[in-house]
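**Student:** Chains as they are written, first to last, in this note's numbering: chain W, 1 to 439; chain S, 1 to 439; chain H, 1 to 439.
Since the hints were made in silico from the structure, they are not lab data. Beta carbons: idealized from backbone N, C-alpha and C, even for Gly. Accuracy of the hints is not assured; some may be wrong.
[Said to hold, decoys possible] Pair ranges (Cβ atoms, derived):
| id | chain 1 | residue 1 | chain 2 | residue 2 | range |
| --- | --- | --- | --- | --- | --- |
| 1 | H | 258 | W | 86 | 49 to 57 Å |
| 2 | S | 429 | W | 21 | 45 to 53 Å |
| 3 | W | 113 | H | 179 | 47 to 55 Å |
| 4 | H | 27 | W | 169 | 52 to 60 Å |
| 5 | W | 179 | S | 151 | 57 to 65 Å |
| 6 | H | 191 | W | 86 | 57 to 65 Å |
| 7 | S | 429 | H | 165 | 52 to 60 Å |
| 8 | S | 429 | W | 243 | 35 to 43 Å |
| 9 | S | 25 | H | 166 | 52 to 60 Å |
| 10 | S | 28 | H | 28 | 51 to 59 Å |
| 11 | H | 21 | W | 21 | 48 to 56 Å |
| 12 | H | 427 | S | 238 | 28 to 36 Å |
Below are the chains, spelled out letter by letter.
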Amino acid sequence: MTMAPQRQMTLSGDEGLDLDALIDRRRPGYSLEAPFYISQEFFERDVDAIFASTWIFVASTAEVPEPGDYVTIDIGTYSVIVIRDDDGGIRAHHNVCRHRGTRLLTEATGSVGNIVCSYHQWTYTPTGELISAGVQAPGFDMACFTLRPVDVRVVAGLIFICLAAEAPEDFDDFAAVVGPYIAPHAIDRTKVAAQVDLVEDANWKLVMENNRECYHCEAGHPELTCTFFPTYGYRPNEIPNRLLPAYQRYLDAEEALHENCRRNGLPYALVEELSGRPTGFRIERAALDGKGESYTMDGSAASAKLLGDLDTFVLGRASLHVQPNMWFHAMGDHVVTFSLVPLGPDRTLVRTTWLVDAEAAEGVDYDLDHLTTVWIRTNEQDAVFCERGQLGVSSPAYEPGPYAPTENHLEEFCTWYIERLKAHRERTASQVRPRTSAG
Amino acid sequence: MTMAPQRQMTLSGDEGLDLDALIDRRRPGYSLEAPFYISQEFFERDVDAIFASTWIFVASTAEVPEPGDYVTIDIGTYSVIVIRDDDGGIRAHHNVCRHRGTRLLTEATGSVGNIVCSYHQWTYTPTGELISAGVQAPGFDMACFTLRPVDVRVVAGLIFICLAAEAPEDFDDFAAVVGPYIAPHAIDRTKVAAQVDLVEDANWKLVMENNRECYHCEAGHPELTCTFFPTYGYRPNEIPNRLLPAYQRYLDAEEALHENCRRNGLPYALVEELSGRPTGFRIERAALDGKGESYTMDGSAASAKLLGDLDTFVLGRASLHVQPNMWFHAMGDHVVTFSLVPLGPDRTLVRTTWLVDAEAAEGVDYDLDHLTTVWIRTNEQDAVFCERGQLGVSSPAYEPGPYAPTENHLEEFCTWYIERLKAHRERTASQVRPRTSAG
Amino acid sequence: MTMAPQRQMTLSGDEGLDLDALIDRRRPGYSLEAPFYISQEFFERDVDAIFASTWIFVASTAEVPEPGDYVTIDIGTYSVIVIRDDDGGIRAHHNVCRHRGTRLLTEATGSVGNIVCSYHQWTYTPTGELISAGVQAPGFDMACFTLRPVDVRVVAGLIFICLAAEAPEDFDDFAAVVGPYIAPHAIDRTKVAAQVDLVEDANWKLVMENNRECYHCEAGHPELTCTFFPTYGYRPNEIPNRLLPAYQRYLDAEEALHENCRRNGLPYALVEELSGRPTGFRIERAALDGKGESYTMDGSAASAKLLGDLDTFVLGRASLHVQPNMWFHAMGDHVVTFSLVPLGPDRTLVRTTWLVDAEAAEGVDYDLDHLTTVWIRTNEQDAVFCERGQLGVSSPAYEPGPYAPTENHLEEFCTWYIERLKAHRERTASQVRPRTSAG
C-alpha cells in the first residue's frame with residue numbers, strides 16, 4: 001500500500017487583510033502575527049519596503065575579479081547585473097534591454113566584453129552606455145537608452161546594492177565602522193572556493209530569525225557546535241548549568257583571542273546597532289571552540305594559506321550581520337558569506353559562499369569537504385527548522401509566542417522590520433505615484 | 001513528433017464574485033453553479049463554514065491503539081494531532097508549538113512519549129501540558145502555554161474532531177443512533193491492514209456527489225458491481241429493465257440478511273437525515289451481491305477472522321455516510337473507512353483504510369489484494385469521473401443540469417451544504433471579529 | 001558544489017491595476033506597458049475580449065478527414081469539440097455534458113460514432129442532439145439538452161471558431177479575400193505529416209510580436225534564413241548594407257515567382273489589413289531563397305507530391321497572418337500552420353502542423369526531418385527569445401521601448417489589440433450581465 005504525500009494547501013484569501021493595523025499593533029517581545037509570514041500582501045510589501053528600499057548584500061568582489069566579470073541577482077521581479085567595468089570599478093544595472101525589455105544576461109555568473117542583447121543585438125558597455133542598436137528611425141538618440149543604473153557600494157570587498165530611488169545615507173557610517181574589522185581579511189585577494197544555493201520553503205523573516213539565535217544550536221547543530229559556542233545569546237547569569245563548561249572554555253578562548261587581535265591590530269569590540277537605523281548591523285570578533293582557527297569539524301584551519309597579512313590562524317570569527325539579508329564570518333584562513341533573497345511568502349533563497357586566499361590550491365592547501373561541511377550541514381538543519389516554522393505559523397491556531405531572553409536579536413530584528421515598514425508607509429503616503437505608471 | 005500535454009489554465013479572477021447571491025439563488029434539483037466548484041473564494045468559505053464548523057471524521061481508534069500513538073491531519077492550513085493519552089483516552093491538539101509556532105509532529109502517523117518540539121525542545125504531554133521550555137524570563141508561566149485543544153469525540157471506534165469554537169451539539173444524537181449499528185463490528189479490536197491516500201484533481205463536493213449516486217456504477221465500476229447492487233438509488237418502480245434480475249437478487253439477499261441480523265442483534269433499518277441538521281448522516285445495513293459476505297471480487301470474506309462476536313460473514317454492509325467528509329462500510333470480516341480533505345478548489349485527498357480483526361495475520365487469514373482490490377479500483381475510476389467533472393464545470397459554457405431521480409442523495413447533499421453556508425453566514429454576521437485578529 | 005536554480009518569483013498583487021487607464025494611454029510606436037504582458041487581470045481580459053470575442057484558428061480540415069473525427073481545443077477554461085458530422089460538415093460544440101457538466105471528450109484528437117459521456121452515458125450525435133439520458137423524471141425533454149453550439153467557419157480548409165454570442169461579421173470579407181490564395185493548395189486533399197506542441201513561458205502577445213518581425217532573424221534563426229529573406233520588414237531604402245546581396249537575390253526570385261504564379265493562376269499581391277477590423281489579417285505570396293521551393297535547409301521541396309493541381313514547386317510561400325492567433329505558410333509541396341493558445345499570463349501554447357499531399361508516403365515521398373527541421377529549430381529559438389522577453393518586462397525597471405521601423409507589424413498588432421480591448425469595453429459597458437449568472 002502506498003501513501004501519497006498529503007500536500008499543503010495555500011490560502012490566498014487575504015482580500016480583507018489590514019496591513020497597517022497589523023504593523024501598528026505588533027506586540028514587543030513576541031513573534032510576529034501570521035500574516036507577516038504567510039500572506040502574499042506582506043511578501044510584496046516586504047519586497048517594496050525592505051528589499052527595494054534598503055541596502056542589500058549581493059556578492060563579494062572575489063566573485064567578479066576581472067573587468068567584464070558579472071553576477072546577476074534577482075530580487076522579486078527585479079533582475080540586476082553587478083559587473084566590473086574596464087577601470088576595475090563595480091557597476092550595477094537593471095538587467096533589462098531598453099528596446100523591448102528583454103532580459104540581457106541570463107546566467108547567474110559569467111564574463112562579457114560588452115553586454116549584448118541576444119534578441120536584436122542592442123549592445124551596451126559595462127558602464128551601461130548603448131553603443132549599437134541596428135537600423136532605427138531618424139532622430140533615434142542612443143544616449144536616451146543607457147541601461148538603467150542601480151546604486152552600488154563596496155565595503156572591504158562586500159558589494160551592496162540599493163534599488164531605491166534614494167538609498168539610505170547611513171551606509172557611509174556603517175562602512176566606516178565595519179570596514180576595519182573586515183579589511184584585514186583582504187577579500188580582494190581571495191577567490192571563490194565554493195558556492196551553494198539552498199531554497200528553503202519558509203518566509204525570509206523566519207530564515208533571518210533562525211539565524212539570530214542559538215537557542216536551537218545545542219540540540220540542532222552538532223557540527224556547528226564543534227566550534228560555535230552554544231552559549232551565544234545567553235547573558236552570563238542565564239547560562240544553563242549544562243553549558244557552564246562550554247562557557248568556561250569560551251572565556252579562556254576569548255582571552256587568547258584578544259591577545260592575538262591586539263598583535264595583529266584587529267578590532268574585536270562588539271558594535272550592535274541592529275535597529276533604529278536603515279542599515280541595521282552588528283559586528284564583533286569572537287572566539288571559536290576547539291582549535292579556535294576556523295569553522296571546521298575540529299576547529300582547525302580549512303585552508304593552509306593565511307588571508308591577507310595575518311600572522312596566526314587563531315583569530316576566531318569576525319561576524320557581521322546586516323539587516324535584512326546577510327550574515328558573514330571572517331576567519332584567519334577563509335571567509336564565508338551568507339545572503340538571502342525572498343522568492344515568495346514561503347520560499348527563500350539562501351546563498352553561501354566560501355572564499356579562500358587567491359593563491360590557495362584545492363587539494364593542496366584546502367579540502368572542499370573540510371572547508372564546507374559545517375555550514376552545509378548547518379544550513380540543511382536550519383532549512384528543516386524554518387520549514388516547520390512556516391507550516392506551523394500557517395495554522396489559524398498559531399498565535400505569537402514569547403521570545404526567550406536568549407532570543408533578543410529576534411526582537412531587534414522585528415523592531416527594525418516594523419520601523420522599516422513604517423518608514424516606507426510614510427514615504428509612499430507623501431508620494432502621489434500610481435503603481436501602473438510606466439516609470 | 002511529440003505532443004506536449006496541453007495544460008489546463010486556471011483563472012483566479014473572481015474579484016467580482018457575489019457568494020451570497022450564489023448561495024441564495026441555488027436552484028433545487030440542479031447541480032451547483034460553477035463558482036461553488038471552481039473558485040478560490042468558495043474553497044476558503046468551505047474550509048471555514050464546513051470543515052472548520054462541523055464534525056469531521058479523521059481516523060478510527062485502530063489507528064492509534066497504544067498510549068502515545070498519534071495521527072496528524074491537515075485541514076486547510078490547520079494541522080491537528082490526534083493522540084491516545086496515557087489513560088487510553090483520545091485527545092486532539094493543534095499541531096503548533098506555543099513558542100514560535102513551529103509544527104510539532106511532522107509525520108502522518110507515529111508514536112511518542114511526550115510531544116517535543118524539534119526546534120527548541122519545548123515539551124508537552126499527550127494531554128497538552130507544557131512541562132519544559134528551556135531558560136525563560138522570570139514570570140514565565142508554563143500553564144499559559146498548553147497546546148491549544150481541538151474538540152474530539154469517538155463513536156464506536158470512529159474519531160471525529162471539530163475545529164469550531166462551539167461544536168454542533170447534535171453529535172450526541174447522531175452517536176446514539178449510529179453507535180448500535182457499528183459497535184458489533186468492534187473497531188477497538190481491529191487493526192489497520194491497509195491505507196491508501198489518493199489525491200483527486202476535483203473539488204471536494206464533486207467527490208462527495210460522486211459517492212452519493214450509483215447511476216454511474218453499472219458502466220463505471222465493474223469490480224464494485226460484483227457485490228454492490230447497481231439498483232442503489234432507484235425507487236422500485238424506476239428500476240431500468242436491464243437491472244430487474246439484479247433487483248430480484250437484491251430482494252432475496254435482503255431477506256436472508258435480515259434473518260442473520262435478527263439472530264445477531266444487529267439493527268438494519270435505514271435512518272436518513274442527510275440534511276436539516278449540522279451532522280447530516282445516513283445509515284443502513286444492506287445486502288451484498290454474490291456470496292454476500294464482503295466487498296471482494298466474488299463477495300466472499302476477505303479475512304478469515306470474524307469481527308467482534310459476530311457468528312456469520314453474511315451480514316451485508318452497515319453503511320454510514322456523514323456530511324461532509326466520510327463514508328464507511330462495516331462487513332462481517334472487515335471495515336473500510338473513507339474520508340476526504342479538501343486541498344484546494346480543484347484538489348481533494350481521499351483516504352481509504354481497511355481494518356481487519358487485530359488477531360488476523362496477513363498471508364494467513366487475509367490476502368491484501370483480495371481485501372483491497374475492489375475499492376482501489378473503484379476509487380481510481382471515481383477519480384477519473386471527478387476530474388472530468390472538474391474540467392467540465394470549469395468551462396464558462398457549463399450551466400447546472402438536472403439531477404436524475406436516482407441522484408436524490410446529491411440533492412440532499414446540496415441542500416445540507418447550502419444550509420451550512422447560510423448558518424455560517426448568520427454566525428459570522430453576528431460577530432465583530434476581524435480576520436486579522438491574533439486569536 | 002551544486003547551484004540550485006534561482007526560480008522566478010511571481011507577484012500577483014495587481015489589486016490596484018487600472019486596466020482602462022493603461023488601455024487609454026497606450027503610446028503609439030512603443031511596446032506595451034508591463035501589466036499587459038504580466039498581469040493576471042490582463043490575461044483574463046484577453047481571454048474575454050480577444051480569444052472569446054474574435055475568430056480563432058483551431059485546426060485544418062485535414063485533421064478531421066472522416067465523419068466522427070474530432071479535435072478538442074481548450075481556450076482559457078473553455079473546451080470546444082470540433083467534429084466532422086455524418087454529412088461531412090464541420091461542427092463545433094462546447095465540450096460539456098448537459099447533465100452535471102462533465103467534460104465529454106478528453107483526448108486532443110480522435111474519432112467517435114456518437115459523443116458519449118463517460119460518466120452516465122448521456123449520448124449526443126455529432127450534430128449535438130441528445131439521444132439518450134438514462135432514467136429521468138417525467139417531463140424531462142431531451143430537446144432541451146443539446147450540446148451548446150460554437151460558431152464555426154471553414155476557409156479553404158482552415159477551421160476558425162468564435163466563442164462570442166455574436167461573432168464578428170467581417171469574416172465573410174476576410175474569407176473572400178484569402179480563399180483564392182489558399183484554395184489552390186487543396187488542404188482538403190492533404191494529411192497531417194507532423195504536429196508539435198510547444199509551451200513557451202511567455203505572454204501570448206510577446207509570441208505574436210516575435211512572429212511579426214524579422215529584425216531578429218539574421219542573428220537568431222540560421223536555419224530559417226536559409227530560405228526566408230532576412231530583409232523582411234525593411235523598406236527598400238532602409239535595408240542594411242550587409243543584407244543588400246540577399247535583397248538582390250530576393251528581387252530576382254520575386255520576378256521568377258510571379259511568372260510561375262501567373263501561369264498557375266495564383267494571386268500573389270499583398271493584402272494587409274492587420275488593424276482597423278476584428279478579423280485583422282495579412283496575406284501575400286513571396287519568394288523563398290535557395291531553391292525557392294520550400295522551407296527546408298536548402299530550399300528544395302520536402303515532399304515529392306505537388307499539392308492540388310499545381311505544376312511547379314517554385315511557388316514561394318503564400319503567407320497568411322490572422323489576428324490574434326495564427327500564421328500560416330503554403331508552399332508547392334506542403335503547408336505549415338501555426339496557432340497559439342494563451343495558457344496564462346506567462347505561458348502560451350504554440351502548435352505547429354505540417355500538411356502534405358494525402359497520397360504522399362513517409363520515407364518515400366517525404367522525410368520528416370527534412371520537412372520539419374527549419375520550423376522546429378526556429379520555434380525553439382523563438383521560445384528562448386520570448387521567455388527572455390517575459391522575464392525582462394516583468395522587472396519594475398522595464399519601460400516601453402521604441403519599435404524600430406522594421407517592426408511596423410508589431411505596431412499594427414498593438415493597434416489592433418487596443419482596438420479590440422476598447423470594442424469589448426464598449427460592448428460590456430452596454431450590457432447588464434453579472435458574471436456570476438448561470439447563463
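**Student:** Could you work out which of the previously given hints the structure breaks and list their numbers from low to high?
**Tutor:** Hints 2, 4, 7, 8, 9, 11, 12 not satisfied by this model.
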